[in-house]
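Protein chains in written order, with the numbering used here: chain A, 678 to 930; chain B, 311 to 619.
Calculated directly from the structure, the hints in this document are not laboratory data.
Ideal Cβ placement from N, Cα and C applies to all residues, glycine included.
Have a look at the derived ranges for each label pair, beta carbon to beta carbon:
#: 1; chain 1: A; residue 1: 692; chain 2: B; residue 2: 324; range: 29 to 37 Å
#: 2; chain 1: B; residue 1: 371; chain 2: A; residue 2: 841; range: 35 to 43 Å
#: 3; chain 1: B; residue 1: 378; chain 2: A; residue 2: 810; range: 49 to 57 Å
#: 4; chain 1: A; residue 1: 924; chain 2: B; residue 2: 426; range: 37 to 45 Å
#: 5; chain 1: B; residue 1: 339; chain 2: A; residue 2: 702; range: 49 to 57 Å
Examples of chain B residues lying across from chain A (beta carbon under 7 Å, computed):
#: 6; residue: 363
#: 7; residue: 384
#: 8; residue: 388
#: 9; residue: 392
Straight line, CA to CA, 20 Å or less: simulated SDA-like cross-link-like pairs of lysine to any residue:
#: 10; chain 1: B; residue 1: 419; chain 2: A; residue 2: 687
#: 11; chain 1: A; residue 1: 761; chain 2: B; residue 2: 396
#: 12; chain 1: B; residue 1: 519; chain 2: B; residue 2: 327
#: 13; chain 1: B; residue 1: 418; chain 2: A; residue 2: 687
#: 14; chain 1: A; residue 1: 761; chain 2: B; residue 2: 366
#: 15; chain 1: B; residue 1: 385; chain 2: A; residue 2: 680
#: 16; chain 1: B; residue 1: 538; chain 2: B; residue 2: 560
#: 17; chain 1: A; residue 1: 761; chain 2: B; residue 2: 401
#: 18; chain 1: B; residue 1: 558; chain 2: B; residue 2: 584
#: 19; chain 1: B; residue 1: 538; chain 2: B; residue 2: 555
#: 20; chain 1: B; residue 1: 437; chain 2: B; residue 2: 407
#: 21; chain 1: B; residue 1: 418; chain 2: A; residue 2: 767
#: 22; chain 1: B; residue 1: 450; chain 2: A; residue 2: 762
#: 23; chain 1: B; residue 1: 419; chain 2: A; residue 2: 680
#: 24; chain 1: B; residue 1: 450; chain 2: B; residue 2: 395
#: 25; chain 1: A; residue 1: 761; chain 2: B; residue 2: 395
#: 26; chain 1: B; residue 1: 418; chain 2: A; residue 2: 769
#: 27; chain 1: B; residue 1: 558; chain 2: B; residue 2: 575
#: 28; chain 1: B; residue 1: 385; chain 2: B; residue 2: 375
#: 29; chain 1: B; residue 1: 385; chain 2: B; residue 2: 373
#: 30; chain 1: A; residue 1: 761; chain 2: B; residue 2: 397
#: 31; chain 1: A; residue 1: 761; chain 2: B; residue 2: 450
#: 32; chain 1: B; residue 1: 528; chain 2: B; residue 2: 349
#: 33; chain 1: B; residue 1: 450; chain 2: A; residue 2: 764
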Amino acid sequence: MNWTAIGAIYRMEMLRFFRTILQSFVSPVLSTSLYFVVFGTAIGSRIDQVEGVSYGAFIVPGLIMLSIMTQGISNASFAIYFPKFIGTVYEILSAPISFLEITIGYVGAAATKSLFIGAVILATAHLFVDLQIAHPLAMLAFMGLTCLSFALFGFIIGIWAQNFEQLQLIPLLVVTPLVFLGGAFYSVSMLPPAWQTVTLFNPVVYLISGFRWSFFGLADVPVGLSLLAIAGFTCLCLAIIWWMFRTGYRLRD
Amino acid sequence: MTSILHIEGLTKRYASGHEALSGVDLTIEEGEILALLGPNGAGKTTLISIICGLVMPTGGRVSVGGHDIARDYRKARGMIGLVPQEIALEPFETVWNVVRFSRGVFGKKRNDAHLEDVLRSLSLWEKRDAQIRELSGGMKRRVLIAKALSHEPRVLFLDEPTAGVDVELRRGMWEVVEGLRARGVTIILTTHYIEEAEEIADRVAVISKGQILLVEEKARLMARMGRKELRIELHEPIDSLPERFRDKGLELVDAGRAIVFHYDTRGERTGIAALLAELSEAGIVLRDISTRQSSLEEIFVGLVTEDTA
Numbered sequence: 678m679n680w681t682a683i684g685a686i687y688r689m690e691m692l693r694f695f696r697t698i699l700q701s702f703v704s705p706v707l708s709t710s711l712y713f714v715v716f717g718t719a720i721g722s723r724i725d726q727v728e729g730v731s732y733g734a735f736i737v738p739g740l741i742m743l744s745i746m747t748q749g750i751s752n753a754s755f756a757i758y759f760p761k762f763i764g765t766v767y768e769i770l771s772a773p774i775s776f777l778e779i780t781i782g783y784v785g786a787a788a789t790k791s792l793f794i795g796a797v798i799l800a801t802a803h804l805f806v807d808l809q810i811a812h813p814l815a816m817l818a819f820m821g822l823t824c825l826s827f828a829l830f831g832f833i834i835g836i837w838a839q840n841f842e843q844l845q846l847i848p849l850l851v852v853t854p855l856v857f858l859g860g861a862f863y864s865v866s867m868l869p870p871a872w873q874t875v876t877l878f879n880p881v882v883y884l885i886s887g888f889r890w891s892f893f894g895l896a897d898v899p900v901g902l903s904l905l906a907i908a909g910f911t912c913l914c915l916a917i918i919w920w921m922f923r924t925g926y927r928l929r930d
Numbered sequence: 311m312t313s314i315l316h317i318e319g320l321t322k323r324y325a326s327g328h329e330a331l332s333g334v335d336l337t338i339e340e341g342e343i344l345a346l347l348g349p350n351g352a353g354k355t356t357l358i359s360i361i362c363g364l365v366m367p368t369g370g371r372v373s374v375g376g377h378d379i380a381r382d383y384r385k386a387r388g389m390i391g392l393v394p395q396e397i398a399l400e401p402f403e404t405v406w407n408v409v410r411f412s413r414g415v416f417g418k419k420r421n422d423a424h425l426e427d428v429l430r431s432l433s434l435w436e437k438r439d440a441q442i443r444e445l446s447g448g449m450k451r452r453v454l455i456a457k458a459l460s461h462e463p464r465v466l467f468l469d470e471p472t473a474g475v476d477v478e479l480r481r482g483m484w485e486v487v488e489g490l491r492a493r494g495v496t497i498i499l500t501t502h503y504i505e506e507a508e509e510i511a512d513r514v515a516v517i518s519k520g521q522i523l524l525v526e527e528k529a530r531l532m533a534r535m536g537r538k539e540l541r542i543e544l545h546e547p548i549d550s551l552p553e554r555f556r557d558k559g560l561e562l563v564d565a566g567r568a569i570v571f572h573y574d575t576r577g578e579r580t581g582i583a584a585l586l587a588e589l590s591e592a593g594i595v596l597r598d599i600s601t602r603q604s605s606l607e608e609i610f611v612g613l614v615t616e617d618t619a
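Excised from the complex, chain B in its bound form (with noise of 0.2 Å):
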């Protein structure tokens, strides 16, 4: 892989003395789908705004493809594709108006043809003729889409596309974004669900005030920092845990109707077998048993809470 996005040492800090991103780097791969998970005001729009040329950097560098944002903008704009978190589009112009308008203004031949591709692709082309206002709040953010793709980017970046999105349309969002991975577009996507990220990342960067915290690919991630966990079902309430029990990490909840073990799955042994065992042999009677693998969320509350301790 070949990577399309180098970014290196970067930093803003606003004239009200806001530092928003204090060093960033990162580097992404061509193709790929990256989640940029954060909290509020942790720098994802900063930092996409300076890539997209909307906000000026302190210092630091950003390349796309090769080309320097700042020396090299014309080729380096002409390759990426912004879709903005706030719905903002001209209310009465047409649909096809818009779009047409996005692919001229960056430079692209006018196609009627990639235009009608794109708009089918979003559900959009029953749409054309219609004034922007007519339109209900999911196919605005549609069209906002449309607009980025109109000029055939290389790189699509997606501030919080799902932001405000009902259930429904969030799945027919990621099924967007799918098909656009498979035309070999890269994906950069800032969202605070967790969810998303889960569902269509292949890695994943977690950025907390303004500093990149961790980059990785999700699946490792999580196995990484993924804890399991294992619940036991009891027959009969217990009041407390015998005393050999004590120090396993073992937490008796519901009202000792139930025993709860944290253990780590890249262990060699997870302690599983042998606490079974134990409990057996200490008369307890078990009626189920379960177990649940901690999600991003959980991880990545973890970390952020980590850093801001």
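So here's chain A without its partners, still in its complex pose (with noise of 0.2 Å):
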């Protein structure tokens, strides 16, 4: 493995993050605080409790999740598109590594930008709500993995991508509906019956679950199947990546 070219990737790739740190940081704070004062205060105030927990507590996990998603995909997405676009993505191609090194290295620096973002919410949403987490170890490895698993899901998108519109087109019509019918803002057995079992086949619906009960212990789906679902999200990704690379897929002639 060759941890010096990870380094400069992830190095570059942070270098750039910290420039724009301010809208790194001021973006994902303000969009928190509109979520906290649309749901949490102004429809929260007459939603009982959902499950024992106050409304505004309870969206918390769906609001770190729909960011860090969104995040990933974007971060990672643009940090490969963009060498694509402006032709730069020569050097990493010519350079002497494989595959996996570059993924890391991008991956994991979008991953982290995300990682920050989701902390960043966590910290806005204790100013506005009384939360306690109920597994904290298991809070931050879902955090992990979904940060990850969506920032390999971007950067599939970014080798895919061939416009700046295509670019958009996967987090826009797929990632946002599935993320908001994803039980962000509510509990799946708030909905008909018909419904909740349509609502087992939207992906997201496990990590959000599961990531709901490292909070607050309580759980649309059992969080072994929530775990399961990750890891195996994560797999997916990354045989997906492996073989972009191998056959050169929209990267090499």
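Assembly of the complex is requested from the two constituent chains, each provided in isolation within its own frame, with the hints serving as guidance.
This is how it looks when you write it as structure tokens:
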């Protein structure tokens, strides 16, 4: 494993992050605060507790998930799409490094950024609601794995995309609806039975459910299933990336 | 001399069906400067891109320093530096950061002294903290070279290094190349400026339609293929050449004011002395004579047109 090369990619990506630190920091704080004002205070005051948890606190895990998923995808997809777009990707492709090293560098940096944003949102949420974390280690594990797997997914999108529109397409048309319909702001048990069944086909439900369990000890689906889902998703993404580099898909002619 | 780059039966057919390379064989010696000449679309960039790992070959083998570029890609690529044809740089990074990145991504330990050397040799040291977007086109090109040199490659590919670069900068670029040769770096440069190949290359390879037409030492090539031209200015213009000169390959030009004679430098006798004597016998008075060697450009154009004919 060429750690020097991985470090070089990681460092360069983090430099970009720190150059726009204000934007990276302010944007999640602002959007989280808005969610709390709208959902937590205005609407939440008319909603009773959800399964024994105040509505304001209940949406925190969903909010964090929403942000780290979308941020993970956008950071990682942009990280590899931008070099493709401006042509600097030639250097990465001609360097004596393997697909795994390239992926660890880029995806590691993108996951770090989302982890940072997740932490910022958690801290902001503390200002608005009283939060108890029932299983801190599991919470960290779920958050870390989600950051990682969605950064991997974003990396795939970045390699696949051939223009800026395609880069936005999947996050906009697939991921955002899945997250909103995945129980970010409600419990699956609040839905009519028929919709509960449909919802179980949404992979994001498993992630949000597991993450919420780590906060409040309550889940829509068994925690083991949540872990399995996220591990499976990570493996699938890794396999696709491996295939992309092996065949040179949209990277090498 | 030992060979550092060995290419055998290399072919490339793109998904579109276009055959960019059809069986290229080429061996490059350590420490030489090879100019790869060819018209646009001849396969120059495809050839370089395969060697550097940017394009996957359809068939054939390439080894760098004895390391196969597919099986042993880490060792092979580690020896190569590439300066691409297009300027591709991250606009918001500083010169220092992009150069340091290049060294790191090639797996070399941090060495600020070496990077300083490279930047100084390319007159970029003063600009090390400037963002790329603030630099002129010529400086950006030099940053590309600095990046390629940051990891101390033994083989350097320069893909059209002086395309669209002004004359002064081109000279500067040649000096840089000369300096690299002095350090023992093998250089392969593609160009369609014949002047460039003539100026700095040791050997010239001509590629056209995906095939290497010839590889030869520049001097030998010019001597072998070079024809000389003798131009005889006449004192008084003449209407036509006298009968006795008809089959001697002479040409009357400039409205009868000059005669041009083509001869082969390889010949034992060039026939110049005899011709001059005969002209004087025929009563033609000479005003001046001059000779000119055909340039690499004429040789090149001749080869490529022959190939396309």
